[in-house]
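Dock chain B against chain A, hints included.
In case you want the letters, here they are:
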Amino acid sequence: MKLLQSPAVRVGLSISIATGLYGVSFGALGVTSGLDFWQTMALSLLLFSGGSQFAFIGVVAGGGSGVAAMGAATLLGMRNGIYGMQLNALLQPRGWRKYAAAHVTIDESTATSTGQTDPDEQKRGFWTAGIGIFVLWNIFTAVGALAGSALGDPKQWGLDGAAVAAFLGLLWPRLKGREPVAIAVVCALATVLAVPFVPAGVPILIAAFVAAAIGWFSHGRSDEGLEPDVDPYAEHHQHPRQDPHSEEDGR
Amino acid sequence: MNLWMWLLLACLLGYGWKLLGYLVPASLLRNPRMSRIAGTMTIGLLASLTIVNAVASGQALALDARMGALAAAGIALWLRAPFLVVVLAGAGAAAGLRLLGWS
Numbered sequence: 000m001k002l003l004q005s006p007a008v009r010v011g012l013s014i015s016i017a018t019g020l021y022g023v024s025f026g027a028l029g030v031t032s033g034l035d036f037w038q039t040m041a042l043s044l045l046l047f048s049g050g051s052q053f054a055f056i057g058v059v060a061g062g063g064s065g066v067a068a069m070g071a072a073t074l075l076g077m078r079n080g081i082y083g084m085q086l087n088a089l090l091q092p093r094g095w096r097k098y099a100a101a102h103v104t105i106d107e108s109t110a111t112s113t114g115q116t117d118p119d120e121q122k123r124g125f126w127t128a129g130i131g132i133f134v135l136w137n138i139f140t141a142v143g144a145l146a147g148s149a150l151g152d153p154k155q156w157g158l159d160g161a162a163v164a165a166f167l168g169l170l171w172p173r174l175k176g177r178e179p180v181a182i183a184v185v186c187a188l189a190t191v192l193a194v195p196f197v198p199a200g201v202p203i204l205i206a207a208f209v210a211a212a213i214g215w216f217s218h219g220r221s222d223e224g225l226e227p228d229v230d231p232y233a234e235h236h237q238h239p240r241q242d243p244h245s246e247e248d249g250r
Numbered sequence: 000m001n002l003w004m005w006l007l008l009a010c011l012l013g014y015g016w017k018l019l020g021y022l023v024p025a026s027l028l029r030n031p032r033m034s035r036i037a038g039t040m041t042i043g044l045l046a047s048l049t050i051v052n053a054v055a056s057g058q059a060l061a062l063d064a065r066m067g068a069l070a071a072a073g074i075a076l077w078l079r080a081p082f083l084v085v086v087l088a089g090a091g092a093a094a095g096l097r098l099l100g101w102s
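First to last, the sequence lines map onto chains A and B.
With numbering that gives the first Met the number 0 applied, the first sequence covers 0 to 250.
With numbering that gives the first Met the number 0 applied, the second sequence covers 0 to 102.
Next up, chain A with everything else stripped away, as it sits in the complex:
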């Protein structure tokens, strides 16, 4: 069969390019946050989950400790476990494929796969997006890291502003409806209130626990916040996936 005629493969390739490209910003911000080239590359090669990677360098850049950076990255990675469970049921990978699939289980590969209905297409979508993003994300991280180290004073180029923008860009697609906006505002407020009283990095962990408590005690959509940073099906989305409260859509 001609692979390029598969809609899932085409979606997977375009999402790979879109996501891979912003590896440039991760690479540049990684080296200016205080990590060296290989530490930045290790995050892209081994951690390989955009949100967690940005969280790690975001904490380090703010003067937080390695433990706090690890904590924030690990808490942000929890959702990948939920994706793994969905994909395991959907794709049923066997043997070594299970371990490889786990590594490329991220927002975008999950969204590409679950957006298809045919089981073969789901497989093709997952692997195309997963492997494609992995390869391009790492190439562009290296490009960004090399460019970032050549820039000199990162503040002169506004790279601290770029980090702020990157986090807002990651948050934005998840703010669908009133409730996620409320969660974001409460957590941002908790963070600002905590900053003067606890060591750098810890306010982020406090916000994580506030958010977890909201999740524990409230009853909303069970897939809230589990949206990809780059929506592979943005063009043909009439309504967000599996959203039982479609009237809450729109911001």
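Treat each hint with caution, since some may be false.
[Claimed, not checked] Only part of the chain A face toward chain B is listed, based on derived beta-carbon distances under 10 Å: (1) Gln4; (2) Val66; (3) Ala100; (4) Leu170.
Rather than coming from a laboratory, the hints here were simulated on the basis of the structure.
Glycine included, every Cβ here is placed at the ideal spot set by N, Cα and C.
Quick look at chain B alone, frame taken from chain A:
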């Protein structure tokens, strides 16, 4: 060396989460509450990281050129700009405001 250790541990735990989903029986994890916490925590952490990078300077709060970056990124997102353009808008706003003398 110390940072390397935490970095590699973060990588190991990150992979651990992913693999857990594939290895644990679905009945154990198919819990709407766990799924919901994973989602609300993602929103909360990203909101917190946004604001920390915008206004925190160690343990102090500061209003500087980064606020301009936050506003510029918000406008770019509102206009449905792609991620990379949003990041460039943030960098441009911060760099531009510094050129104009606002630290």
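Cross-check of the supplied hints:
no., hint, in the structure
1, Gln4, "26 Å, violated"
2, Val66, "6 Å, holds"
3, Ala100, "7 Å, holds"
4, Leu170, "4 Å, holds"
Hint compliance for this structure: hint 1 alone is broken.
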